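Each chain is listed here by its residues.
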Amino acid sequence: MCGIIGVIDRTMARMDGSSIKKALSLMDERGSGEGAGYVAYGIYPDYSDCYAIHVFFDNLLEPKTNVDRILQKWGRIVYQEEIPTYEQPNLKREHIPWRYFFKPYTDLMVGTTNPDDDNVKRLVMTINSTVEGALVFSSGINLGVFKASGWPEDVANFYRIEDYKGYIWLAHNRYPTNTSGWWGGAHPFNLLDWSVVHNGEITSYGTNRRYVESHGYQCTMSTDTEVVAYLFDLIGRRHGLPSDMVVEALAPPFWDEIDEMPEKQEEFMRALRLTYGPALMNGPFAIVIATKDGIVGFTDRIKLRPLVVGENDSKLYISSEEAAIRIMDPDVERIYMPRAGEPVIGRVTQ
Amino acid sequence: MSLGSVPLKYKISIDRDQCMKCMRCVDNCSYGVYRIEDDKIIIDSRKCTACHRCISMCPRDAIMLQERPVDYRSHPLWTTEAREDVINQARSGKIILSGMGNAVDYPIIFDRLVLDACQVTNPSIDPLREPMELRTYIGKKPEKLDFTMKDGDVELNTKLAPNLKLDTPIMIGHMSYGAISLNAQLSLAKAVAKTGTFMGTGEGGMHEAIYPYQDHSIVQIASGRFGVDIDYLERGAAIEIKVGQGAKPGIGGHLPGEKVCADVSCTRMIPLGSDAISPAPHHDIYSIEDLAQLVRSLKEATNWEKPVFVKIAAVHNVAAIAAGIARSSADAVVIDGFKGGTGAAPKVFRDNVGIPIEAAIAAVDQKLNDQGIRNEVSIIASGGLRNSADLAKSIALGADAVYIGTASLIALGCRVCGSCYRGLCPWGIATQRPELVERIDSDVGSENVANLIRGWTLELSELMGAAGLNSIESLRGNRERLRGYMLDEGLLDVLKIESVGA
Ligand code: SF4
Ligand code: SF4
Numbered sequence: 001m002c003g004i005i006g007v008i009d010r011t012m013a014r015m016d017g018s019s020i021k022k023a024l025s026l027m028d029e030r031g032s033g034e035g036a037g038y039v040a041y042g043i044y045p046d047y048s049d050c051y052a053i054h055v056f057f058d059n060l061l062e063p064k065t066n067v068d069r070i071l072q073k074w075g076r077i078v079y080q081e082e083i084p085t086y087e088q089p090n091l092k093r094e095h096i097p098w099r100y101f102f103k104p105y106t107d108l109m110v111g112t113t114n115p116d117d118d119n120v121k122r123l124v125m126t127i128n129s130t131v132e133g134a135l136v137f138s139s140g141i142n143l144g145v146f147k148a149s150g151w152p153e154d155v156a157n158f159y160r161i162e163d164y165k166g167y168i169w170l171a172h173n174r175y176p177t178n179t180s181g182w183w184g185g186a187h188p189f190n191l192l193d194w195s196v197v198h199n200g201e202i203t204s205y206g207t208n209r210r211y212v213e214s215h216g217y218q219c220t221m222s223t224d225t226e227v228v229a230y231l232f233d234l235i236g237r238r239h240g241l242p243s244d245m246v247v248e249a250l251a252p253p254f255w256d257e258i259d260e261m262p263e264k265q266e267e268f269m270r271a272l273r274l275t276y277g278p279a280l281m282n283g284p285f286a287i288v289i290a291t292k293d294g295i296v297g298f299t300d301r302i303k304l305r306p307l308v309v310g311e312n313d314s315k316l317y318i319s320s321e322e323a324a325i326r327i328m329d330p331d332v333e334r335i336y337m338p339r340a341g342e343p344v345i346g347r348v349t350q
Numbered sequence: 001m002s003l004g005s006v007p008l009k010y011k012i013s014i015d016r017d018q019c020m021k022c023m024r025c026v027d028n029c030s031y032g033v034y035r036i037e038d039d040k041i042i043i044d045s046r047k048c049t050a051c052h053r054c055i056s057m058c059p060r061d062a063i064m065l066q067e068r069p070v071d072y073r074s075h076p077l078w079t080t081e082a083r084e085d086v087i088n089q090a091r092s093g094k095i096i097l098s099g100m101g102n103a104v105d106y107p108i109i110f111d112r113l114v115l116d117a118c119q120v121t122n123p124s125i126d127p128l129r130e131p132m133e134l135r136t137y138i139g140k141k142p143e144k145l146d147f148t149m150k151d152g153d154v155e156l157n158t159k160l161a162p163n164l165k166l167d168t169p170i171m172i173g174h175m176s177y178g179a180i181s182l183n184a185q186l187s188l189a190k191a192v193a194k195t196g197t198f199m200g201t202g203e204g205g206m207h208e209a210i211y212p213y214q215d216h217s218i219v220q221i222a223s224g225r226f227g228v229d230i231d232y233l234e235r236g237a238a239i240e241i242k243v244g245q246g247a248k249p250g251i252g253g254h255l256p257g258e259k260v261c262a263d264v265s266c267t268r269m270i271p272l273g274s275d276a277i278s279p280a281p282h283h284d285i286y287s288i289e290d291l292a293q294l295v296r297s298l299k300e301a302t303n304w305e306k307p308v309f310v311k312i313a314a315v316h317n318v319a320a321i322a323a324g325i326a327r328s329s330a331d332a333v334v335i336d337g338f339k340g341g342t343g344a345a346p347k348v349f350r351d352n353v354g355i356p357i358e359a360a361i362a363a364v365d366q367k368l369n370d371q372g373i374r375n376e377v378s379i380i381a382s383g384g385l386r387n388s389a390d391l392a393k394s395i396a397l398g399a400d401a402v403y404i405g406t407a408s409l410i411a412l413g414c415r416v417c418g419s420c421y422r423g424l425c426p427w428g429i430a431t432q433r434p435e436l437v438e439r440i441d442s443d444v445g446s447e448n449v450a451n452l453i454r455g456w457t458l459e460l461s462e463l464m465g466a467a468g469l470n471s472i473e474s475l476r477g478n479r480e481r482l483r484g485y486m487l488d489e490g491l492l493d494v495l496k497i498e499s500v501g502a
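These protein sequences, in sequence, are chains A and C. In terms of my numbering, the first sequence opens at residue 1 and continues consecutively. In terms of my numbering, the second sequence opens at residue 1 and continues consecutively.
You may find that some hints are simply not true.
Unchecked claim - Below 27 Å or equal to it, Euclidean Cα-Cα: the simulated BS3-like pairs (lysine-lysine) are:
| id | chain 1 | residue 1 | chain 2 | residue 2 |
| --- | --- | --- | --- | --- |
| 1 | C | K165 | A | K292 |
| 2 | C | K144 | A | K264 |
| 3 | A | K264 | C | K150 |
| 4 | C | K165 | A | K264 |
| 5 | A | K22 | A | K92 |
| 6 | A | K264 | C | K159 |
| 7 | A | K292 | C | K144 |
Said to hold, decoys possible - Cβ pair distances, simulated, as ranges:
| id | chain 1 | residue 1 | chain 2 | residue 2 | range |
| --- | --- | --- | --- | --- | --- |
| 8 | A | D58 | C | E459 | 44 to 52 Å |
| 9 | C | Q119 | A | S129 | 46 to 54 Å |
| 10 | A | D16 | C | G490 | 54 to 62 Å |
| 11 | C | G501 | A | D58 | 25 to 33 Å |
Unchecked claim - Some chain C residues flagged as far from chain A (calculated, every beta-carbon gap over 12 Å):
| id | residue |
| --- | --- |
| 12 | G4 |
| 13 | I14 |
| 14 | P76 |
| 15 | V228 |
| 16 | D231 |
| 17 | E258 |
| 18 | P271 |
| 19 | G273 |
| 20 | G324 |
| 21 | V444 |
Rather than coming from a laboratory, the hints here were simulated on the basis of the structure. Every value quoted in this text rests on a predicted model; they were computed, and no experiment measured them. Beta carbons are placed, not taken as given, at the ideal position from N, Cα and C, and that holds for glycine.
In isolation and in its complexed conformation, chain A is listed as follows (with noise of 0.2 Å):
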């Protein structure tokens, strides 16, 4: 189950979140009231050089200060305020959503490529495995991730979604099968640039898990999808894979189609797939992966969940259904079904 719906604006025009909101509620059949979530890209115009860091918090009492403390050791938080909420009838607050605009020290983090960014996945890391009654589920500089247990409608209006503008928009109604309905395991997952939604499970899970925590990441959240974060984090941005080429090692063809491709792509390939096995993923999944370049969607390499697209102007859609991608945009143009494992991309033009 679990309807997933990503929309990008190639020439980076700004979309409200009041559309995405009505697609995911659309798919109300896909969900059970226990998670939902948005994560848009571009919201944050004034902190555009932070790290725009959300926390739930269980009181702003010890946790706060501990992570405040982390925070202030590894670089200098340039504003802070609790995330504007609005009660809800149907939807138990169960933390306090908070975002901190951050900025690292770069020099702490040295002999690495992209400092800033090590550093604060570090931090991501740390405060989530070390700081009892604190959880980072947002950390990427201009986006933020907004998510609860709860249905779509309520979770947008108890963060009022449609206050906020965003030339990527990624959404989630969850149907857990495998772990609680909690806040922390609603959809999206992010890390850094890369917000993951999911429909599906991982049956890799398990292999998945381990190579990422043998790279220094700690799965925290209880379920298969922040693995697909944290892969995403280190084949694309640490390992320089494009995404695409992420895509591929995650759902790579088989071997027998390996085998028959002209040479140069054969040796690549068997490459590829003997150098990230632990990170080929299994099971039925459809994911949709955003980064602030862009927006990835793909399926397990034999289709198990479904996955359309659709495509108007510059705007590209990828959702569960087709009938999500309508109701946001009924004049919407193209709309096709995309092959097993195959990497539907659409990125920004600038």
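Got chain A sorted already, so can you dock chain C with the ligands onto it with the hints?
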């Protein structure tokens, strides 16, 4: 003879009404249980090893075999075996030898691990209708890919180290020519060639008859260095340095002179009839640096074209040792658990030294993972794998592939009688006597062994499909797909798995 004799272990009897006096039992028992006197078959049960050769050859099902017809006063501490071992050593003053694997009734961890299957939310995959990928590459993998983009084209700069390509993650472990017969080895070689996998030559060199299958052979170098020369190294698809063995960690090997016939002496490059003794340590390896040097010299000698494995017995600090091996330029570490078989081992070692393979795989896999190098080196597990479930569980605990030994011999007729060290194997496996060796037809034998590999492979695909996995990479180290049943917390922690119901 103050001690007298101990009771016989097995009692053979013949149903004389059924017997047609064809004398097949007489011909087949190489231990001399049967003889003919005045046209009558006389039985000396004391010599029986329960190898079942006579029973399986008797056309009339006339032979009956009973275990231990006489018993001692029962005693929980002084078991029959304990008493008899004392009596035998009091008589001989020698080390008690034994064959095959550990015969102590330790709990089998494999049997307390259960695999997962999908229901409803996560569809299981039907291997008959969907692709199922078991192809496994054994050898070094890069940490990450190095490439450049040129006008939209990818230029790969990473050069892959040589890897063995296996169609199924089952290989046949090292059993030397000498320990087993040429026909037995030939059966195994033909079987791996048929099933797209590999076998180990053992430490006995490579006999000419195996040359046609050399592309499916892994040549072994043990401390005795028997049969090792550049030609031998070049013939192997991979090279394995044997440091230790599960059935006898910490000691060398011994092939008695009686087994060193002309052919064996020639293949091993040792004098006819001489004992072939592998010392306990390699006399040029006293540290990881020394090992690294040997690994690199072997690679240098073979042009860096072959993967080099290092085999160790599973012992208490196996994880740390394996991590050292992984950093010694070795391409794979082979871990042999304490239930592994052997031609001959001191019984006290076979039954008491080492640790179970399940715990060893998990510990090694975890350590390599903690160090961030798990995918860069392969893990091959062996030692007491009995079926495809053991295989699947080994992979889920972290192995890339397994070696089977005893199971492949059982496919050739072995009945695990444990008397391999005597060189009289009535099935023609652990013997060099020509009249016994010729009991194996290597074409027939290879088909049986190949069938076993095929059967396990099919079952592994089904198990993977049930768990919603269509590629072996996703089963490897996937502890999520395993649960422990009636295992204590300490062991669950070592295995890094949760309990059933969790
Ligand atoms: S040793 Fe084997 S062949 Fe001989 S009597 Fe016993 S079971 Fe039969
Ligand atoms: S093999 Fe069976 S039938 Fe033949 S002599 Fe022996 S006991 Fe009798």
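Outcome of the hint check:
Taking the CA atoms of C/K165 and A/K292, the gap is near 40 Å; set against the 27 Å cutoff, the hint is violated. With a CA separation close to 18 Å, the supplied pair C/K144 and A/K264 stays within the 27 Å bound. Proximity of A/K264 to C/K150 is assessed by CA-CA distance (about 14 Å); at most 27 Å being required, the pair is judged to hold. Between the alpha carbons of C/K165 and A/K264 the distance comes to roughly 19 Å, so the proposed pair stays at or under 27 Å and holds.
Between A/K22 and A/K92 the CA atoms are separated by roughly 21 Å; this keeps the pair inside 27 Å, and the hint holds. Note on A/K264 and C/K159: the hinted pairing holds, with a Cα-Cα distance of about 12 Å set against a maximum of 27 Å. For the hint pairing A/K292 with C/K144, the CA-to-CA distance comes to about 24 Å; that is within 27 Å, so the pair holds. In this structure, A/D58 and C/E459 meet the distance hint of 44 to 52 Å, their C-beta atoms being roughly 48 Å apart.
Taken as a hint, the range 46 to 54 Å is violated for the pair C/Q119 and A/S129, whose Cβ atoms sit roughly 32 Å apart. Between A/D16 and C/G490 the Cβ separation comes to about 56 Å, which falls inside the hinted range of 54 to 62 Å. Checked against the given bound of 25 to 33 Å, the beta carbons of C/G501 and A/D58, roughly 29 Å apart, stay inside it. Against chain A, the non-interface label of C/G4 holds: every CB pair exceeds 12 Å, the least being about 59 Å.
Look at C/I14: its CB is around 56 Å from the nearest CB on chain A, clear of 12 Å, so calling it non-interface holds up. Distance check on C/P76: its Cβ is at least 42 Å (rounded) from any Cβ of chain A, clearing the 12 Å threshold; non-interface status holds. Listed as a non-interface residue, C/V228 keeps its Cβ farther than 12 Å from every Cβ of chain A; the least gap is roughly 30 Å. The non-interface label for C/D231 is consistent with chain A: the shortest C-beta to C-beta separation is roughly 30 Å, beyond 12 Å.
The claim that C/E258 lies off the interface holds: its Cβ sits roughly 47 Å from the closest Cβ of chain A, which is beyond the 12 Å cut-off. The claim that C/P271 lies off the interface holds: its Cβ sits roughly 45 Å from the closest Cβ of chain A, which is beyond the 12 Å cut-off. Interface exclusion of C/G273 from chain A stands, the closest Cβ pair being 48 Å apart, more than 12 Å. At the 12 Å boundary, the C-beta of C/G324 stays outside the reach of chain A, the nearest C-beta of that chain being 18 Å off.
No Cβ of chain A approaches the Cβ of C/V444 within 12 Å, the least distance being about 32 Å, so the stated non-interface status holds.
In the structure shown, a violation is registered for the earlier hints numbered 1 and 9, in ascending order.
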